[in-house]
Each structure stands twice: as structure tokens, then as C-alpha cells.
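Chemist: My request is simple: use the sequences and hints to build the entire structure.
Chain by chain, the residues run as shown.
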Amino acid sequence: MTNRNHRKFEEVCRILEKNGNDPARLIPVLQQVQEVYRYLPEEIMSFVATSLNISPAKVFGVATFFSHFTLKPKGKYIIRVCDGTACHVKTSTGILDALYKKLSLSEKINTTPDMLFTIETVSCLGACGLAPAVVINERVYGQMTPEKTSEVLDGIIKTEEKQKEAVNA
Amino acid sequence: MKTANTLTIDGLKITIEGEKNLLEVIRKAHIDIPTFCYHSELSIYGACRLCMVDVSGRGVVPSCSTPPEAGMEIQTSTGQIRSLRKMIIELLLANHEQSCTTCQKNTSCKLQELANRFGVTKVRFKKAAAARPLDNSSPSITRDPNKCILCGDCVRMCREEQSVGAIDFAFRGSNVTVAPSFGKGLSEVECVNCGQCARVCPTGALTPKSDVAETWKALEDKSKYVIVQIAPAVRVAIGEHFGLEPGTIATGQAVAALKRLGFKKVFDTSFTADLTIMEEGTEFLKRLEKKEKLPIFTSCCPGWVKFAEQYYPELNDNLSSCRSPQQMFGSLAKELLPEKYGIKKEDLVIVSVMPCTAKKYEAAQEKFAVNGIKDIDIVLTTQEFARMIEEAGLQFNSLTPESFDLPFGFKTGAGIIFGNSGGVSEAVLRFVNEKVCGKKNTGNYDFLQVRGLEGIKETSISTPAGTLKLAVASGLKNARTLVESMKRKEVHYDIVEIMACPGGCIGGAGQPVYYKPEVKEKRAKGLYDNDKMLELHSSQDNPYIKELYKDNFGEAGSRKAHRFLHTHYASCKRTHSGEISILKGNSVNKLEVTVCFGTSCFLKGSQSILKGLVDHIKLSGLEDKVEVKATFCFEKCNSGPNARIGRKLLEKCTIGLAVETLMDEIKILKECASV
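For the protein sequence lines, the chains are A and B, in the order given.
Using the numbering used here, read the first sequence as starting at 1 and increasing by one per residue.
Using the numbering used here, read the second sequence as starting at 170 and increasing by one per residue.
The hints are simulated quantities; they were obtained by calculation from the structure and are not laboratory data.
Any given hint might turn out to be false.
[Unchecked claim] Covered by chain B, according to a simulated footprint, are these stretches of chain A (three or more residues, beta-carbon under 8 angstroms): (1) 36–44; (2) 52–59.
[To be verified] To give a feel for the contact side, a few chain A residues facing chain B, derived at Cβ under 8 angstroms: (3) Asn5; (4) His6; (5) Cys13; (6) Thr64.
Glycine included, each C-beta is placed from N, C-alpha and C at the ideal position.
Modeler: And the structure:
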């Protein structure tokens, strides 16, 4: 536990080095940093700005422009419900509403307090053939219904609980 | 007649003379193409689309980003273009907070002007944006995002001309806003308060902060004795607000207006500018003799001083220790005048009228207060002064000119030209030329090489002590360029004058709003003309300065002079960002370790110190007992890399020193715990 912060910070230093501290590589740097922290903490963005010799306002601008970047910590599982035209027509809204209800979340508060789930919508995943589509972390689920999505979630919650028990035991 | 280099604009044949874009060619033809985002000194952005023109065969194109070509046939005001422009303005107004009558920019707002020009009488669209909070954190500038039209002028000004980049676009789509980093206020980031962003802002989104109400309050308080000083650059610009030509010397009217507003005494900042020359000139000669702390950098400009403290803390010793003329005045007046006028020190209120927004920040600094009494109580900009004249209903142009009060109202021409970039240098040259070369400045006292609006100027004079080289920069980008080339040892100077605003104080952000580039030239000329009209031209000839030294300070650079007229500099944090936690340390009684990761320390190797420390902590199994954090700036950049271990602040830290101190502190901690 104590080592995690240091490991992360060293990782950021390595990322900056790997990208040659090149200001033109701000976006790839931020992408890689976000992989480490699962979001972009303010202090780390300040550090990135210092190291790349650009103003923090610029880094903030880039980080807030792309929807890929997030300035708030996200859950371990990021659920992306596709709301592109095809998925929307095939009632993706129903899936989204069911998810919000199940996890007691909303558009504004979209991460569970235990930091397990974050719900997001995306405009087209390019998987229209599978509409309505839901992506959880890297895995794509096609032709979803509110019931099926709920089952997937239950599966994840069960796995997580088992893991917790194993650690405690 | 057909020449290779002409094009046709609304039927007129116009020659292309090296203009980079159509817009400049069209304006040359005396057609005022409307723009929000075009400024000749900034890069071309092409966002506002108001400068659209019809090029035959191409259709409607933005003239700012279209290069002129021979043979082009251009129409600048077709029905289609007029309706496009009207539509753009209408759309901008839809989301713009239309509180025009109560806006600081009322009557000088470009959006208002163009809406009027294009006959926008009705806005058909509903407001879609939610209200955003006002940023009032800075003592110098107020930021109102609800009035922003996203032209980006401020962003480019701050980044391109000032090389600061304190504000930038943030968020996306309909949420886009111009803001400092991480949603902070302007006072919490690297903003140097120069206000150039506000100078180019076409609306009231960025405006100099107003202290008019506070001034009225002081003037109406019968127990207060309110006096005022007025900076050189104000007198050649204030008239613009009342329809006079830029550069008109309106000193007499300005003084009369101040007296009518109720100020008991009206003094001239040029007097303390003369005093600055005495102190700074003497300081320079001393440094020259000792061959130390050279080059000397001027310190009159608070924008530049904050810039230097933030980005070049290693220059802190090179900055002249002299306070700016504004602060010298404050210190002097608060010390000498209460006795002279038979009043209590706390009842003396000093107001400054300045062309500058950064002066508000300067006056608010703690180091310029004695026992909680500020040296300067209120700073007004030229704009605010004009507003007070209007509020009082004074007809500026018909006021009978009056003269300054003595003794702090008498100045030489050297103190007047301070308002121009190169002015301080010229004043110093007039001082040094006499003191070192023994030449009395009679007849020709001009040093033309340091005049003009170029960003970087240089000159040299030969003296018995060798050749002295001077450089003058205005605009902080130019300052950065100059300092960087000095650091690379490509150039060498003895005296460097820097002003944050392009052109010097005459181009300050507190001056009346203007959109034409030639205004600055005229104001500069006004100051040089004013110098010519005065009897004396060298600060050392000012009889009241001589008297001041005789009665109070002894000689220039004396101990007492240092106490009242000099100051000190400290490195200054750029942003107020939090700390990065590295090791948490679980035990209750843990040792706190912070390593600075500000730019200066980072470059000096704080990363390897942190790594060395953490490796050592892990090796010795102390992970539970130590909390390690990386932080941004201890404001001791000069002696970096810095680390704080327990209660000890380590300067010029090395891995060895850090580890040694860590072990000592751990030992003390253990001993304390066992007791």
C-alpha cells in the first residue's frame, strides 16, 4: 500500500522520459498517465506541465477538451453504454436507466462510492451491428437488454466479493 | 492599366505591398473590416468570421487568413456578407451577458460597437449557457466568463506576447471557457497582473479591477487627508477619453481635475522617478566598481518583477533593489508628510493614478506596508480616473490647467520619459554620462537609440571605465528572449531595462481602451515632447531631490535611503497546486519529508534526490515511519534543489545530505518517542 504512490510517481517520470519530455507529445503523455492513475490528478498535471515546459493552463485545456480524459477518479469498472444512432434506436436509454437505478447513480454522480463502477455514455463505438452495445473496461457486450446488463454486473460484483474474502482470509 | 501586383477591392485598384493577408490590404484602402480576433501583433486565429469578404471565383472567405493575390476581385460588403456578420453578432449576443449599462466596458466595448454598426436591434435566440462565477481573486483584473465571446485574443496575448500562458481555453463544445489552470482564480496562478489580456479583450470579460468606490469613500471621509500621485504615462492618454488626440499632454487639466475631485495635494510620480534614477544610478555605479551583480535589471515594473521572481529567481540579486517610483512615493510621503501637515499617519490616504493594473498588485504586497499601514492605499488606473471625472460631471477639456504641489510635484524630463520603453535607460544614461564621463548634459541630452517601439533595443556608451552596454526590452516575451540569450552567454549587457507591457507604461492595460496601433506611438511622442518643454532633463539636477537628500537621506544609496527606498525580492510560486503523495507512512509519529518539484529544483535534480531518499527508506525498512511528498516550490529557487526533512529545510540538497539528515531526524524522533 505504502509503495503504490511511489511506484505510480516513478511510472509518471518514466513516461515523461520515454516521451523525451517533448511538449508536442502532451496527449500521449496524458493518456499514459491516466492509465497509471485511472484519472488525471491536478498535482500530476502540474508536474507534467513543469516537465514539458508548458503552462498548466494549456495542460488543463487539453485534459478538459478530450472526453477520454477525466479529472475525477473513476471506478475499477468503467461501463460505457453506447448511445450512437443505432444503439439509441434500439433503446440503449433503457439500459442506461436500468444501470443508474441498479447502482443508484445519475448523469452527475456517475461513480459508485466504493469506486467499483463508473457509468458513461459514448456516441458510437463503431459496433452498430451489435446494437445496443455496452463496453465494460475492454470487453464488448452486444445486443444487450437491461436484464442481461444487470446479470453481467451481478457477475462482476460476485467476483469482487470473492476476491475480497480471499484477501481477508 | 494592369500591373502584376494589384487587386480590386469594391471596384478600387489597390497595390499589394507585402501585406500577409487580405485584411491588411483592405484596411489600407480605408475600409474598416470588422474583427474580434484579429490583432496585428498576435497570430492569426480566424475564429470570429466577421472579416469575411467575397472573392470572385472563390466565394466568401475570411480575409484575415487569406493571402492577397494579384488580380483578385474582392467585395467587402455584399448583402450576403452583411447578413452573415449580423447573424454572427446576434449569435454572440445570445449567450453574452447583456448587462451593458452596468458594464465597465460600456461605450468602449467592441461587441456593443459592432452590434450598433450592423444594426442588430433584436436578438432572436435564447440564452443557452448557464451562469458562471465571477473571478474576483486578483487585485488587478476581474474575469467575467459570462461576457466572453471566445475570440482567444487574451489567450494569445498572454502566451505569445507575454510568454506567460496563465489563461487558456478549457472544456469543450458549448462548455468552452477561457480560464486559468484547474479552475483556479487568477491570483492563484502565474498571472503577472500586466492586464494585457484586458487590453485586447473586445468585451467586458476581462477588465481592470475597479477601486473607484473605495476612493470616493476616502475622499468623503472628513477625518482623512487624501493626496494623490499621478504617473507620467497618464497625462498623455487621459485626454483620449474626452476626445483629445492620443499623446495630447493634459497634465494641467489632470491636476485641476484631481483637485476638483477633492484631493488635498496632487503630486507627480515623475518626482520619485527622478529619485529612482538617483538611487538606481548610484546602485549601478557601486556594482560596476565592485564588479558584482551585473547586469543590473530595472525594477520599476511590477509585472516584470513578478515574472522574474517566478521564472528567473536566479536574477533576484541582479534586479535593482530600488522600489518602483510608485512605492518610493508612498514610503516617502507616509514618512515625511504627516509631520509636515500636522496629521496622524493613519489619516493620510495616498492614491495613485497609474496606467497599469499590476500597480494594484504591487501596492497590496505585504512588504510595502509598515506596521499594517500600507504605503499606497489605493491604486486607480487612467480609466478609473476618467470615470471619476465623468461621475463628478467635470468638463475635462474646459478645466483651467493647474500645477502640481511642491515639493513632490517638481520633476525633470528624465522622470517624465519613464513612461516609455527605453525611458528609464535614457534617464540612467543622462545620469551616468554626467557622473562617469563628467559630461554635463547641456544641449544634447537625447539618446535616440533606446527610443521607439521595437521589442528589444540596445546601445552602448563609452566611458572612462570602459564601454557600457545597455539593452531595453518591452513585452515579456521579448524579456524572456533577452534573458535566455544572456543565460546562453550570447550577449552581454551592463544595464537591462524591462517593461512588461509592449511599448512601456504608455501601453499599460489601465490606459483608455484603444484598438489602433498608432495610438501608442502618439502617446510615446507626447512624453518625449513633454521632456523637451521642461527646464531640466537630468534627475540629478532636480533641486527638490537635492534638498530631499540634504534634509533626509544624506546621499544616494545611504543606509537611510535603503530603508525607505529599497526593497528585496523572493522567488515566487507559479501555481498553488497541491502536493503529490509518494510514501504515506502509517505510524502516528512519522517524519515528514517534502522534496520540491518546482521547475527550478526539478532542473537541478530533485528527481534523483527523491529516488535516492525513497530507495534508502525502503532499504532501511523505514517505510512506516516516513511520509514523503513532492511539492511545488518552497519559494527558495535560488538555492535549489530544496527538500524539507522534519523541521530542517535543506538548500542545495544532495542525496548524501538528504539521507544523512533523514537518519538524524529519525533518531531524534525515536528519542522523543521513548521519552
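Chemist: Go through the hint on Asn5/A and say holds or violated, using the shortest Cβ distance to chain B against 8 angstroms.
Modeler: holds (5 angstroms)
Chemist: Please verify that hint: Cys13/A, Cβ, nearest Cβ of chain B, below 8 angstroms or not.
Modeler: For Cys13/A, the interface hint holds, since the closest Cβ of chain B sits about 6 angstroms away, which is under 8 angstroms.
Chemist: Within the assertion that chain B covers the segment 52–59 of chain A, do at least three residues meet a Cβ-to-Cβ distance smaller than 8 angstroms?
Modeler: Satisfied; 7 residues make the cut.
Chemist: Are there at least three residues in the segment 36–44 of chain A whose beta carbon sits under 8 angstroms from a beta carbon of chain B?
Modeler: Holds, because 4 residues of the segment 36–44 of chain A bring their Cβ atoms closer than 8 angstroms to Cβ atoms of chain B.
Chemist: Against chain B, run the beta carbon of His6/A and see if the smallest gap drops under 8 angstroms.
Modeler: With Cβ-Cβ at 5 angstroms, under 8 angstroms, it holds.
Chemist: Classify the hint on Thr64/A as holds or violated, based on whether any CB of chain B lies nearer than 8 angstroms to its CB.
Modeler: Hint on Thr64/A: holds, closest Cβ of chain B at ~5 angstroms, below 8 angstroms.
In terms of the numbered hints stated before, the structure departs from none.
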